[in-house]
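**Student:** Whenever a hint applies, use it, and build me the whole structure from the sequences.
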Amino acid sequence: VGAALATVDPVGYARAYGLFARADAAHEGRLGSLAMPALFLTGEEDENSSPAMSRRMADSAPQGRAVALPGQRHMMSLAAPGVVNDVLGRFLDETVLLQAAQ
Numbered sequence: 001v002g003a004a005l006a007t008v009d010p011v012g013y014a015r016a017y018g019l020f021a022r023a024d025a026a027h028e029g030r031l032g033s034l035a036m037p038a039l040f041l042t043g044e045e046d047e048n049s050s051p052a053m054s055r056r057m058a059d060s061a062p063q064g065r066a067v068a069l070p071g072q073r074h075m076m077s078l079a080a081p082g083v084v085n086d087v088l089g090r091f092l093d094e095t096v097l098l099q100a101a102q
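Heads up, the sequence shown is in this note's numbering, so the first residue is 1 and it goes up one at a time.
Be careful, since some hints might not be right.
[To be verified] Distance ranges between label pairs, derived from CB positions: (1) L92 to E28: 25 to 31 Å; (2) R22 to L97: 33 to 39 Å; (3) V87 to G32: 21 to 27 Å; (4) A101 to Y13: 42 to 48 Å; (5) M75 to A52: 14 to 20 Å; (6) T7 to A35: 36 to 42 Å; (7) Y13 to T95: 29 to 35 Å; (8) S50 to Q99: 28 to 34 Å; (9) N48 to L88: 18 to 24 Å; (10) G12 to R65: 29 to 35 Å; (11) A101 to D59: 21 to 27 Å; (12) A21 to A101: 38 to 44 Å.
I should point out that these hints are in silico values taken from the structure, not numbers from a laboratory. Positions of the beta carbon are idealized from the N, C-alpha and C atoms, including for glycine.
**Tutor:** Written as structure tokens, this is what we have:
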């Protein structure tokens, strides 16, 4: 993860985070209108996209689910891709099975 971060352009990184900060206000309160299952996945040790934030988002979505991966931080898809893929795969399998049963 450290090697990947070392190649990130600091100006581009700052611009991206500025966009994230502004976009939050534009979309605040809209999770309740989601008509599909939604997974809010974060690392248990992520201080930025925290487990508490993921739980609040999941609680706001009618079919929301929050999962915090033990021992993981912010860039969990790079640090633990197998674990992330397993969680995503189970979520998608369950979602497809639920929709097929309806």
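**Student:** With reference to the structure, classify each hint as holding or not holding.
**Tutor:** Outcome of the hint check:
1. L92 to E28: 25 to 31 Å: holds (27 Å)
2. R22 to L97: 33 to 39 Å: Given range 33 to 39 Å: holds, Cβ gap about 38 Å.
3. V87 to G32: 21 to 27 Å: Holds, at about 24 Å.
4. A101 to Y13: 42 to 48 Å: Given a distance of about 44 Å, which is inside 42 to 48 Å, the answer is holds.
5. M75 to A52: 14 to 20 Å: Distance hint for M75, A52 holds at roughly 19 Å.
6. T7 to A35: 36 to 42 Å: Holds: the Cβ-Cβ distance is about 39 Å, inside 36 to 42 Å.
7. Y13 to T95: 29 to 35 Å: Given a distance of about 33 Å, which is inside 29 to 35 Å, the answer is holds.
8. S50 to Q99: 28 to 34 Å: holds (30 Å)
9. N48 to L88: 18 to 24 Å: holds (20 Å)
10. G12 to R65: 29 to 35 Å: At roughly 32 Å between Cβ atoms, R65 and G12 fall inside 29 to 35 Å, so the hint holds.
11. A101 to D59: 21 to 27 Å: holds (24 Å)
12. A21 to A101: 38 to 44 Å: Because 40 Å falls inside the window, the suggested range holds.
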